[in-house]
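Asks: Here is how the chains run, residue by residue.
There are 2 protein chains.
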Amino acid sequence: MNEELQNAQEILDQHIDDSNEMDLSAYDIAQHLKTLKYHDEELFTKYLNKIDPQTLGDVAIELPESMLKDVIENVPSEKIVEALEELESDDATDLLQYIEEIDEDKARELFDELDEEDKADILRLQSYNDNEAGAYMQTELFSAFANEKLGDAIARLRQLKAEGELENISQLFIVNQDRVLEHAIALEELILFDFSKTLSELINGSDKYEPYTALDSENITDVADRVKDYDLNVIAVVDSKGVLLGRITADDIHDFIEESATEQIYNLAGVNDEAEEDETLIKAGKARAVWLFINLFTAIISSSIIGIFDDTIASYVALAVLMPIVASMGGNTGTQALTVTVRRLTLGEIEFKDAKHVLKREVGISLINGAIFGLLMGIVAWIWFDKALLGVVIALSMLINLSLAGLFGTIIPLSLKRLNIDPAVGSAVLLTTFTDCIGFFSFLGLAKWILL
Amino acid sequence: MNEELQNAQEILDQHIDDSNEMDLSAYDIAQHLKTLKYHDEELFTKYLNKIDPQTLGDVAIELPESMLKDVIENVPSEKIVEALEELESDDATDLLQYIEEIDEDKARELFDELDEEDKADILRLQSYNDNEAGAYMQTELFSAFANEKLGDAIARLRQLKAEGELENISQLFIVNQDRVLEHAIALEELILFDFSKTLSELINGSDKYEPYTALDSENITDVADRVKDYDLNVIAVVDSKGVLLGRITADDIHDFIEESATEQIYNLAGVNDEAEEDETLIKAGKARAVWLFINLFTAIISSSIIGIFDDTIASYVALAVLMPIVASMGGNTGTQALTVTVRRLTLGEIEFKDAKHVLKREVGISLINGAIFGLLMGIVAWIWFDKALLGVVIALSMLINLSLAGLFGTIIPLSLKRLNIDPAVGSAVLLTTFTDCIGFFSFLGLAKWILL
Chain A
1 MNEELQNAQE
11 ILDQHIDDSN
21 EMDLSAYDIA
31 QHLKTLKYHD
41 EELFTKYLNK
51 IDPQTLGDVA
61 IELPESMLKD
71 VIENVPSEKI
81 VEALEELESD
91 DATDLLQYIE
101 EIDEDKAREL
111 FDELDEEDKA
121 DILRLQSYND
131 NEAGAYMQTE
141 LFSAFANEKL
151 GDAIARLRQL
161 KAEGELENIS
171 QLFIVNQDRV
181 LEHAIALEEL
191 ILFDFSKTLS
201 ELINGSDKYE
211 PYTALDSENI
221 TDVADRVKDY
231 DLNVIAVVDS
241 KGVLLGRITA
251 DDIHDFIEES
261 ATEQIYNLAG
271 VNDEAEEDET
281 LIKAGKARAV
291 WLFINLFTAI
301 ISSSIIGIFD
311 DTIASYVALA
321 VLMPIVASMG
331 GNTGTQALTV
341 TVRRLTLGEI
351 EFKDAKHVLK
361 REVGISLING
371 AIFGLLMGIV
381 AWIWFDKALL
391 GVVIALSMLI
401 NLSLAGLFGT
411 IIPLSLKRLN
421 IDPAVGSAVL
431 LTTFTDCIGF
441 FSFLGLAKWI
451 LL
Chain B
1 MNEELQNAQE
11 ILDQHIDDSN
21 EMDLSAYDIA
31 QHLKTLKYHD
41 EELFTKYLNK
51 IDPQTLGDVA
61 IELPESMLKD
71 VIENVPSEKI
81 VEALEELESD
91 DATDLLQYIE
101 EIDEDKAREL
111 FDELDEEDKA
121 DILRLQSYND
131 NEAGAYMQTE
141 LFSAFANEKL
151 GDAIARLRQL
161 KAEGELENIS
171 QLFIVNQDRV
181 LEHAIALEEL
191 ILFDFSKTLS
201 ELINGSDKYE
211 PYTALDSENI
221 TDVADRVKDY
231 DLNVIAVVDS
241 KGVLLGRITA
251 DDIHDFIEES
261 ATEQIYNLAG
271 VNDEAEEDET
281 LIKAGKARAV
291 WLFINLFTAI
301 ISSSIIGIFD
311 DTIASYVALA
321 VLMPIVASMG
331 GNTGTQALTV
341 TVRRLTLGEI
351 EFKDAKHVLK
361 REVGISLING
371 AIFGLLMGIV
381 AWIWFDKALL
391 GVVIALSMLI
401 NLSLAGLFGT
411 IIPLSLKRLN
421 IDPAVGSAVL
431 LTTFTDCIGF
441 FSFLGLAKWI
451 LL
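So the sequence lines, in the order shown, correspond to chains A and B. Take 1 as the starting number for the first sequence in full-length UniProt numbering and just add one per residue. Take 1 as the starting number for the second sequence in full-length UniProt numbering and just add one per residue.
It is possible that part of the hints are untrue.
Intra- or inter-copy, both count: the list cannot distinguish identical chains.
What the hints assert, rightly or not - Subject to a maximum C-alpha distance of 25 Å in a straight line, what follows is the list of computed SDA-like cross-link-like pairs (lysine to any residue):
id, residue 1, residue 2
1, Lys-360, Phe-293
2, Lys-161, Glu-189
3, Lys-360, Glu-277
4, Lys-161, Ala-186
5, Lys-283, Glu-163
6, Lys-208, Leu-24
7, Lys-34, Ser-315
8, Lys-37, Arg-344
9, Lys-228, Glu-117
10, Lys-161, Gly-151
Treat the hints as calculated values from the structure; they're not laboratory data. Please read these numbers as outputs of a predicted model, since none were measured by experiment.
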């Protein structure tokens with residue numbers, strides 16, 4: 001373990017030595033700091049203070065909440081302010097919000113120290129909802145007027161880059177006097193042009209330079225789809241009048257895709273992705289308890305169906321042994337259909353209008369599997385308890401439960417989506433309630449009718 | 001419905017009219033073609049043939065297998081060959097593979113018609129495994145020698161772009177005489193330089209132009225992580241000697257992130273992502289049946305535990321009513337821990353060495369929730385069946401089952417990962433086997449001991 005500590009220390013030393021070179025990613029630095037923190041609190045604080053303001057902001061964003069708290073408490077405010085100013089506006093807004101969640105007063109104090117332009121940017125970005133494109137944009141971008149000479153625009157780019165104000169540029173956005181976005185030219189085109197000409201001469205009426213845009217109030221999911229469909233490196237963000245406000249880059253979309261996938265995986269399992277980000281047990285535990293509570297409630301409902309048949313079970317205990325198998329197989333079959341439907345809805349492969357097509361496929365699959373596994377389990381039950389009719393009962397109830405599981409596993413997410421509810425949230429609990437109830441009812445009901 | 005058809009037709013007409021403008025994404029065109037196909041087979045074939053070769057390849061990649069078959073059968077081979085040549089090498093390789101899966105002879109026939117350079121590229125890309133970075137690269141890129149003048153390199157870029165050979169360029173890669181990659185300069189830097197100087201003069205010993213590289217044999221997951229950590233638009237792919245082979249762009253990484261997430265979501269639910277891509281029932285149904293079979297086998301094992309206690313159940317049927325609740329709550333608690341652990345492993349937030357830390361958190365959460373829900377269900381059971389000791393039995397067994405569920409939900413994916421097995425595959429089935437067995441055994445065992 002000490003070796004690990006030493007290793008982290010050496011790597012950080014190396015990084016700090018040739019400081020201006022970003023040889024380590026912010027993510028890597030954060031990982032090494034974590035190692036220090038776990039082993040030696042003092043050493044951690046020492047290295048935290050060694051990180052230069054150009055890197056500190058990016059690193060702070062990567063740190064877990066508990067360690068961000070250490071940053072606030074141990075790094076001088078002026079240095080944190082400098083780090084915030086070095087960040088791109090979207091990242092600065094995020095970091096300030098993380099700080100606010102830990103210490104509101106500190107966040108306000110830091111905000112007050114920022115320069116007026118950064119303040120205005122952050123206020124604007126904070127005004128958007130989490131699911132709006134505006135919340136994901138950065139205001140730093142490379143723009144020019146059409147009557148400017150390309151060479152002059154490039155001179156400005158040089159200036160802005162030298163001041164560290166601009167990074168990760170792949171497009172020049174061309175706006176009119178009202179800052180309405182009119183064209184966008186990729187750098188790979190720009191570099192081929194004659195620098196002494198004006199931009200309007202270069203564009204020369206061609207509609208090749210139509211910009212890809214997102215409305216600031218647009219849903220970020222739709223924007224991410226557009227970036228993906230057209231393989232964009234960057235998309236311009238405009239307001240309803242077409243005024244250029246900012247840009248969203250491919251790496252922001254990366255993060256969004258990955259976060260959305262995590263959210264979906266967690267929702268399907270009854271876990272809240274935001275609550276899980278917290279390192280302490282309480283927040284995550286509470287959010288999970290909510291889903292467990294709903295599950296307890298629905299489990300009691302399906303169990304009361306068993307209660308209806310208590311006489312039947314008392315007179316033939318083999319039913320109690322076999323009934324969880326019917327429920328479990330139904331739950332699994334339904335979950336397969338549910339998961340595929342939820343994911344295909346997300347990927348845009350299917351929509352509500354394809355319901356008939358999708359239902360045919362999903363119910364078809366579960367009907368076939370219901371028949372196969374019903375038959376298989378029927379034979380097993382017959383041999384196990386040496387009673388042919390018991391085999392018939394379980395075979396029939398599995399056929400019923402598995403087919404209906406496929407039906408509900410498809411209908412539930414399609415309907416939720418139609419109602420504009422996230423089809424991943426709560427659908428699994430709803431589904432297993434159905435499959436448990438149908439499983440117990442069909443199996444015990446058939447048993448009472450056929451066997452007794 | 002006819003309205004939908006007419007709408008698709010109009011949009012496609014518009015697109016075909018001003019053909020050279022890529023106003024619709026390939027994805028959109030594919031969607032509209034699907035609509036035609038569902039309504040009017042003949043119209044579909046007609047429009048398929050209207051698509052120009054520049055777009056056809058991209059569209060074909062987006063089509064489902066059944067419709068790709070229509071392309072092969074209805075579009076003349078020469079046009080498909082042209083479409084393949086228009087594609088970037090990675091996409092051409094993919095498309096040819098899709099065609100091969102439908103009709104091997106046709107794929108061979110098309111391959112033979114390609115020009116020698118394209119053939120060589122495709123053969124090289126086909127030689128990589130699905131999980132190797134090399135399989136994701138395209139060989140088309142912008143490179144130069146250090147002793148070249150920047151202006152000459154740019155003249156070559158102009159030429160290649162005019163020929164339609166290069167798209168989506170954001171870096172110039174600088175290689176030595178053996179094509180070993182030495183530097184990479186982003187276009188946003190390049191555009192600021194003096195075009196009359198040689199590249200080595202411009203680089204001038206600065207280590208600012210160190211390229212980000214991936215080894216061709218490297219795991220694509222690691223490469224995607226690097227692209228994400230450093231917010232790259234492109235990463236160079238080199239062989240073990242450092243020779244530049246190709247590049248992977250951000251949009252390829254987008255696709256990879258999304259596909260990996262789908263694979264993980266599906267695996268957790270016992271669904272195979274590749275089998276699901278097939279439109280027919282048989283392939284997907286078979287893959288799902290494999291997991292259902294495993295689940296049936298494990299369900300029989302856990303049910304045989306109930307069989308051990310058949311006398312206990314016969315003498316007190318309330319046990320049969322309550323036992324699925326213990327199992328269900330354990331399954332859900334375990335799934336929460338499992339899902340969070342699997343996802344955090346994927347996101348690189350945790351590793352095997354953090355096992356102690358993660359276990360403490362997960363078992364802590366499930367212990368607390370086990371106590372809460374054990375107590376709650378204990379009271380419910382007491383009131384329901386008017387027997388206090390029954391409440392004690394279910395409370396204790398839920399505490400045991402939920403805590404152990406948290407433990408196994410964490411240990412299973414951590415161990416699988418340690419053994420280099422995908423922690424999403426099969427872990428859910430393994431987990432519910434444990435939680436069912438422990439749930440039934442603890443509840444019925446305690447009941448036999450305490451109640452009877």
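Asks: Taking the earlier hints as the rules, which of them does this structure contradict?
Replies: Hints 5, 7 and 9 are the ones this structure does not satisfy, whereas the remaining hints hold.
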